[in-house]
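Engineer: Take a look at the letters that make up each chain.
Number of protein chains: 2
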Amino acid sequence: MKIVLLGSGNVATHLAKALKAAGEDIVQIYSPNLDNAKLLAGLIAAEAVNDLNDIKQNADLYIISIKDDAIETVAQALKDVAGLVVHTSGTTDINILSSQVKRAGVFYPLQTFSKSKTVSFENIPLCIEASDEAQLTILRKLANKISHQVYELDGEKRKVLHLAAVFACNFPNHLYALANKILNQNGLDFEIIRPLIAETADKVMSNLPENVQTGPAVRADESTLNKHLSMLTDMPELQNIYQTLSNSIKLTLK
Amino acid sequence: MKIVLLGSGNVATHLAKALKAAGEDIVQIYSPNLDNAKLLAGLIAAEAVNDLNDIKQNADLYIISIKDDAIETVAQALKDVAGLVVHTSGTTDINILSSQVKRAGVFYPLQTFSKSKTVSFENIPLCIEASDEAQLTILRKLANKISHQVYELDGEKRKVLHLAAVFACNFPNHLYALANKILNQNGLDFEIIRPLIAETADKVMSNLPENVQTGPAVRADESTLNKHLSMLTDMPELQNIYQTLSNSIKLTLK
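Here the protein sequences line up with chains A and B, keeping their order. Sequence positions in the first sequence follow our numbering and run 1 to 254. Sequence positions in the second sequence follow our numbering and run 1 to 254.
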């Protein structure tokens with residue numbers, strides 16, 4: 001398949017590498033910033049462009065992997081193409097594409113990407129949706145080439161998944177950062193807490209989290225909870241988070 | 001070393017196995033519940049007792065690994081022993097022991113334990129503290145036998161570490177559980193989100209969390225934040241957590 005990739009961010013970069021490794025032909029990378037387009041295009045031997053008017057019109061698939069609020073504008077430039085146009089957003093409706101282009105779909109990888117860290121795409125859940133069964137067949141085939149976990153989800157379910165991902169990924173990472181803040185203020189290094197973070201995530205690979213909750217809140221250990229709150233007196237924001245999450249854990253005991 | 005272990009919970013169980021594997025001689029397991037004592041004692045060929053008066057008085061080391069608020073009472077039963085008495089609590093002061101027994105210490109493994117899941121003790125940070133240098137030497141030697149990461153921390157730093165652990169372990173696990181709640185209410189399985197959880201933790205093994213934060217809050221993507229909040233209208237508790245943590249992430253942008 002001849003593919004044009006519109007975007008050069010984390011998702012676009014990892015997706016481009018995985019598609020290339022699966023033998024797909026990525027012919028063009030578009031980014032409004034030509035340097036960014038060239039950087040990614042260089043990695044996969046594609047052409048780099050920064051003008052929407054230069055987009056090839058004869059590709060089989062267009063993957064829009066850019067900020068949610070820019071998808072609509074970029075899709076306008078693809079209103080005449082015969083190829084399938086998809087976006088990679090967890091929260092954006094398929095209609096934003098299907099109202100403009102002939103054939104539309106969604107190709108959403110549920111993962112957290114950083115450019116600096118390689119991820120094995122085959123273990124990343126890929127959520128697909130399409131404007132009709134023919135397009136879905138195309139996306140299903142492509143998705144199965146690069147991932148072992150392909151889910152066909154409508155827009156509502158995909159949005160739920162994206163919301164759940166904020167709780168399962170973005171918020172835990174921020175709590176790691178707050179833990180590091182507490183450690184640093186007391187001359188302790190983040191290194192000491194890494195094995196605990198690894199084990200906490202590893203535990204829920206084979207258990208449900210509600211069955212392996214530990215800590216003072218789930219023990220209703222008020223003495224420790226109060227000690228911790230008093231240690232956070234100088235950090236009211238963290239104290240508020242501690243209280244909010246501990247209360248939420250205690251609610252599960254009822 | 002002849003060791004008496006007082007306790008039969010998760011920490012006691014994992015510690016007993018690690019010490020046994022390192023060639024230590026655990027002679028007795030105490031638990032107020034004899035069945036629990038027998039269960040653990042059976043695994044490591046020790047004697048099980050449920051009466052504090054039956055504790056052997058001639059062991060080299062007594063490890064108290066029980067609920068924080070019961071440590072003081074159990075320590076009273078050890079006030080005449082010549083051996084070293086330690087507890088495994090992150091939040092309890094060493095004084096609760098040193099005020100009662102001749103030789104006191106702390107032996108705190110920083111990890112989350114479930115009885116059903118094996119952990120490799122050698123990768124668990126062990127935090128030690130003692131009433132004097134001679135006792136510290138004993139604990140250092142023992143700790144190095146079972147772990148590659150031994151830290152000598154005073155009580156204040158240990159308490160800070162325990163607080164940080166709540167943010168790095170207990171709270172993230174609860175957020176996994178809330179993610180699962182959102183998924184289940186919409187007919188989606190926790191399985192779909194496991195790769196994301198694994199990668200989120202794996203990322204901070206080689207990065208600091210504040211450098212790899214992703215998601216709508218760190219992008220100041222108000223449109224997605226508002227969509228997510230409106231999806232949580234029927235779950236005010238989760239809505240409050242979403243708002244609180246997103247605000248905290250946004251504070252890091254200033």
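By construction, these hints were calculated from the structure, which means they are not laboratory data. Hints may contain errors.
Same chains, same label: a pair holds when it works inside one copy or across any pair of copies.
What the hints assert, rightly or not - When the alpha-carbon atoms are kept at most 20 Å apart in a straight line, the in silico EDC-like pairs for lysine to aspartate or glutamate are as follows: (1) K2 to D221; (2) K67 to D189; (3) K181 to E210; (4) K157 to D234; (5) K67 to D221; (6) K141 to D202.
For clarity, every value in this text was computed on a predicted model and none was experimentally measured.
Engineer: Determine for every hint whether it applies to the structure shown.
Structural biologist: Status of the hints after comparison with the structure:
1. K2 to D221: Classified as neither: same-chain Cα gap 60 Å, cross-chain 32 Å, threshold 20 Å.
2. K67 to D189: Classified as neither; 35 Å inside a copy, 27 Å across copies.
3. K181 to E210: Between copies only: 9 Å across, 27 Å inside.
4. K157 to D234: Classified as between: cross-chain Cα gap 17 Å, same-chain 41 Å, threshold 20 Å.
5. K67 to D221: Between. Shortest inter-copy distance 9 Å satisfies the 20 Å Cα cut-off; intra-copy 44 Å does not.
6. K141 to D202: neither (31 Å within a copy, 29 Å between copies)
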